[in-house]
Structure formats: structure tokens, C-alpha cells
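Protein chains in written order, with the numbering used here: chain A, 1 to 290; chain B, 1 to 162.
Some clues are possibly wrong.
[What the hints assert, rightly or not] Covered stretches of chain A, as calculated for chain B (at least 3 residues, CB under 8 angstroms):
(1) 1-7
(2) 51-57
(3) 171-179
(4) 185-197
(5) 264-272
[Stated by the list, open to error] Okay, the calculated beta carbon distance ranges per label pair:
(6) A:Arg23 <-> B:Lys147: 49 to 59 angstroms
(7) A:Asp27 <-> B:Cys102: 35 to 45 angstroms
(8) A:Lys2 <-> B:Gln16: 16 to 26 angstroms
(9) A:Ala12 <-> B:Ser18: 19 to 29 angstroms
(10) A:Leu43 <-> B:Lys32: 15 to 25 angstroms
(11) B:Pro14 <-> A:Arg23: 30 to 40 angstroms
(12) B:Lys147 <-> A:His261: 47 to 57 angstroms
(13) A:Tyr158 <-> B:Cys102: 44 to 54 angstroms
(14) B:Arg95 <-> A:Gln245: 49 to 59 angstroms
Please keep in mind that the hints were generated in silico from the structure rather than gathered at the bench. By construction, the Cβ of each residue, glycine as well, lies at the ideal position given by its N, Cα and C atoms.
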Amino acid sequence: MKPAPFDYVVPASIEEALGHLDRGGGDATILAGGQTLMPLLALCMSTPSVIVDINRITALKGIERTSETVRIASVTRQNEALANEPLAAALPTVVRAISQVGHFQTRNRGTVGGSISLGEPAAELPATAVALGAEIEVHSLRRGERRIPAERFYLGPYSTTVEADELVTAIHFPLWPANSLIVFREVARRPGDFALVGLVGAIAVNEGKITQAGLAWFGMGPTPMKAWQAESALFGENIGDVDPQAIADLALSETEPFDDHSATADYRRSVGRQIFVRTLSDALNLRKAA
Amino acid sequence: MSEHQIQLTVNTRPVQASVEARMTLGDFLRSKAGYTGLHLACEHGVCGACTIIVDGLAVRSCLMFAVQADGAEVTTVEGVANADGTLHPVQQAMRECHALQCGFCTPGVVMTLASLTADDARPAADTMLKALSGHLCRCTGYQGIRKAIDKLAEAGTTGGRA
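Turn these sequences into a full structure, and let the hints steer you where they fit.
Printed below as a string of C-alpha cells:
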């Protein structure tokens, strides 16, 4: 099928884009990398009257490290982020997660902000933002800037707190202590598919004690699911005293897995437990050996 | 609905046209610019058959509008071989390894591998194999393509087999 007709505008600045969204009154759709929107348009599942192409706004591109955060501007391509050395040094979990987003070819167009704002419950980046405590920077013409903690950003499948007149401009990831452990594992039917179940996060350790833990599931509920209880159980623990099975129980208690054509909720729960125990054990054992 | 004037370079030739905003780059190249070597199959970003190179990057041409390619440098499969007909190293490797059956997915595969090996880069076989996950071959003829990838990796001085 072919997309239904629409008007196309290509603003050169954030302000201009916000003006289009403001006038669009909810019927204007933002086109970033297009790797999800284009299929929706082609299948006529989305039929906006105006498309606002933000790809030529240079202020929406780039990765910047400050003393406390890494700011990824929303139209930064996923493959650009993947190749960004300061990002890999500061937040290896983020880079690991991006490497699993779609395919090489879609990551050349697909953007970090696009994946974050789409809110697919089985996607890697939303869960990474939730796990690591990122903030989403959003602008509108009338209300200016606001920042939303990722854990409050997602309302349901493909549903976020972003209003129709708002544009996601950047994602701010807080810096984690150097040498924080990467937690990442996903189970998908084929490389590049959305995960059936996935787990992402980071664990900071100092002198054998866990000083910070951020963990979230993807594909385990209507939104990324933050493992609050598992995080607090890990906090302050000696690595040697961690019981991965018990932590997995806590982490699973905060999920709402679902049945779909690919897997049952029970399957997700059972595989989720396995990958949680394995990933946590692997991460902590690595640390002990070091 | 809006109509737009665009100007781009396709296989080093300048192309100018007026396009409806909703026309994808893949449709434009095939039906308006005549580059039918580009194959459109699923037209919603799943199969990879329509992969081309835009400003040096392999992208799916069904997931971009033609109007977005204004000012871009585009290469399709017609543009990879030498003018004298000498095949591109990727084409040569695929020919030698019988890396195609019906040939429908082939232009996309060629463009992905051509982008990875551009400027004499010789990525590891594993890198190319991972990128191949963005392509579906309905003949399931993947083994020949894997052999071609191994051949391309061996042809490099530093690239090793995964």
C-alpha cells in the first residue's frame, strides 16, 4: 500500500517545528528517522494531515557529555550513538542496548529520540532510559521546556506523557560510577526483532558492596517495567551475599507479562527468571574475579 | 497534499523532479527516475530488498520519502559496477559464490555489503553477517551469501573470519 496524501513541512529550527505542531492541533505528526512511522503510513494505520520532518534541524543532533549527564539530542541516529566513543566510555549499557535496536540498515536512519518517544513496550531504549534514571527533555511553543523522568514517561503501549504540541528534543542520561557493571540480555526470535523478554540496567560496586542498581524489563508489561524492589534489595549488599534467585523473584513481582502471538505470559515469566538469574550472576561473578 | 521540487544525485548523475510528498524514495527511483534495479518487495521496512546507499549509508528506500532526499547523493545497484562493466567486488564475490537464486533480494544485499566495504574497508565477516540480518531471502539462499561474505573478508588484509 501507499501512504495517504499529506502536507509536508521541513522546519529548519526547533521553534519552527513547534509552531507547526502548535498549529497542527494534534493532526501533525513528527517524522524523525521514520523507521516505525513510514511502515504505519504505508499501511495507512496512520493518516496525518501534516508531517513535520525534523531531520534537518541541526540543533536536534549530537551527543554532549557534561559533568553529571550525557545528553543525546533526539535526532541523533542510532548508529551514530553506537559509534560515539565518549558515550561508550560513559554509559556502555546504553551502547549495548542500541546495538540491538532494529538492524544495521534501520539504525542508519532510526533515531535515539524516535525509539524513546515511540514507547514500544518490547523495545530496548525506553527500558534503558527507565533503568538508568534518564530524563526526557520536551519542548512546546506555549509551555517551553519540561523534563520528564523516564519512569513516569510511559503510560502504556505506544503511549507517553508527550502532548500533541510537544517535541522530544533530547534524552539526559545521568552518569553512573566508572566501571559500573552492564546488565543486558534479551531473547528474540531473530536478530533485529523486538524482544520477547529483555532485561537492561547497570550495577555500581565499590569495595565489594553494591552502591547503586538500576534495572528494568522490556517485553514484560505494557511499558518498560522498573524493578524497584530488586534494586533496593541489591543496594548496600555485599556481592557475595546476593541471592540471584531471591532478587529475581522480587524483580518478577513487578512485571505484567502478556500473551501474544509470539509467546505466552508464562513463557515470558519463565524465560525472564532465567535471564535475570544468569545476567545478574554473570555480572557479579565478573566483578569478583576482577 | 503537497508537491515538492527536488534535486539529487543518483549514481553520480543529477536528477531533478517534482514529487508528491507521500512518494517514497524507492518508488521515486523506480517509477520516476527509471532505476528499476532497485527492488521493492514488502514496502514497509521488513525485507531489505530496497536497500540503497544515501549519503554513504545503507538505508531502506521504502522508509524514506523522495522529498527527504533533496540534496542527497544516492547510489543504487546500477551504480556500483565500473563503467566498463567490471563488477564491484561484492558483485564479483556473490557471482563466484552463487549468492543468489531468484535474485529479488540481491540488489539490497549488494548495497548493504557495498556500503560496508566502501573505500576499501574490509570489515570482519561477523560484522557483515550481522548486517545481513536486515535482509530476507525468500529462496532461503543464505549459505551462498555467507560464502560471499567470507570471501570478501578474506580478500582484506586485516579482516578476519568471525
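Hint by hint, here is what the structure shows:
{"no.": "1", "hint": "1-7", "result": "holds (count 7)"}
{"no.": "2", "hint": "51-57", "result": "holds (count 3)"}
{"no.": "3", "hint": "171-179", "result": "violated (count 0)"}
{"no.": "4", "hint": "185-197", "result": "holds (count 3)"}
{"no.": "5", "hint": "264-272", "result": "violated (count 0)"}
{"no.": "6", "hint": "A:Arg23 <-> B:Lys147: 49 to 59 angstroms", "result": "holds (55 angstroms)"}
{"no.": "7", "hint": "A:Asp27 <-> B:Cys102: 35 to 45 angstroms", "result": "holds (42 angstroms)"}
{"no.": "8", "hint": "A:Lys2 <-> B:Gln16: 16 to 26 angstroms", "result": "holds (23 angstroms)"}
{"no.": "9", "hint": "A:Ala12 <-> B:Ser18: 19 to 29 angstroms", "result": "holds (22 angstroms)"}
{"no.": "10", "hint": "A:Leu43 <-> B:Lys32: 15 to 25 angstroms", "result": "holds (23 angstroms)"}
{"no.": "11", "hint": "B:Pro14 <-> A:Arg23: 30 to 40 angstroms", "result": "holds (35 angstroms)"}
{"no.": "12", "hint": "B:Lys147 <-> A:His261: 47 to 57 angstroms", "result": "violated (34 angstroms)"}
{"no.": "13", "hint": "A:Tyr158 <-> B:Cys102: 44 to 54 angstroms", "result": "violated (36 angstroms)"}
{"no.": "14", "hint": "B:Arg95 <-> A:Gln245: 49 to 59 angstroms", "result": "holds (55 angstroms)"}
Of the numbered hints listed earlier, those contradicted by the structure are 3, 5, 12, 13.
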